[in-house]
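Here is what each chain is made of, one letter per residue.
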Amino acid sequence: DQQVKQNSPSLSVQEGRISILNCDYTNSMFDYFLWYKKYPAEGPTFLISISSIKDKNEDGRFTVFLNKSAKHLSLHIVPSQPGDSAVYFCAATGGGKLIFGQGTELSVKP
Amino acid sequence: DTGVSQDPRHKITKRGQNVTFRCDPISEHNRLYWYRQTLGQGPEFLTYFQNEAQLEKSRLLSDRFSAERPKGSFSTLEIQRTEQGDSAMYLCASSPSSGGLTGELFFGEGSRLTVL
Chain A
1 DQQVKQNSPS LSVQEGRISI LNCDYTNSMF DYFLWYKKYP AEGPTFLISI SSIKDKNEDG
61 RFTVFLNKSA KHLSLHIVPS QPGDSAVYFC AATGGGKLIF GQGTELSVKP
Chain B
111 DTGVSQDPRH KITKRGQNVT FRCDPISEHN RLYWYRQTLG QGPEFLTYFQ NEAQLEKSRL
171 LSDRFSAERP KGSFSTLEIQ RTEQGDSAMY LCASSPSSGG LTGELFFGEG SRLTVL
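First to last, the sequence lines map onto chains A and B.
Residue 1 is where the first sequence starts when you use our numbering, and the numbers rise one by one after that.
Residue 111 is where the second sequence starts when you use our numbering, and the numbers rise one by one after that.
The set of hints was computed from the structure by calculation and includes no laboratory data.
Glycine included, C-beta positions come from ideal geometry on N, C-alpha and C.
Label pairs and their computed distance ranges (CB to CB):
#1 S197/B - P82/A: 29 to 35 Å
#2 S197/B - Q2/A: 17 to 23 Å
#3 Q164/B - S107/A: 35 to 41 Å
#4 S183/B - G96/A: 17 to 23 Å
#5 R132/B - A41/A: 15 to 21 Å
#6 E162/B - D55/A: 38 to 44 Å
#7 H72/A - G150/B: 19 to 25 Å
#8 R132/B - K56/A: 38 to 44 Å
#9 T130/B - D31/A: 30 to 36 Å
#10 G150/B - T45/A: 15 to 21 Å
#11 S12/A - R174/B: 38 to 44 Å
#12 P40/A - R132/B: 19 to 25 Å
#13 Q81/A - P118/B: 33 to 39 Å
Sequences and hints are given; from them, build the entire structure.
This is the structure:
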């Protein structure tokens, strides 16, 4: 069973505009939700996280929103830059293993 | 460089052979994780260690897979009698205990396995 889902395999946005990546989950016991970024030939790198007791966390151009009632989270990147082009993975944990979504490939065009 | 180190980076083997991957975590990180990633998918959890203790193992892991972390430092992942379906990127990650609770893991660059 896929506990963390990213339904959009790809997203293309113009430089300077907002990128919105979405993620849904099924397990209400998750404590933390995270976004990881992955460039080709590299391992995933941590980007931003949010605790289940919060609904928003901001770090520079990156903001993560959590809607617990809908079991949905999103990552907003404003403004988007060409260097943001990568695969973004949503992930969640209940304190042990980290469970990942399938990923969304973001392409930011100049 | 003090990041997570994995070796080898690439391995090509014939079906039926055994392969072993090594992971050196960031020093003093007591949690170590193994994941597998195939094309178009996110990393799939395989197993994780707290120091030398293997705390959880995915039911995806067949009896042909074994992981060890004998002294709580480096870890090895062995695949016996490889099959073509084992072809994937094998990712290792480490974290301090607190990072393991919040999900902030540090990943290596991965070991890519190709089974012919």
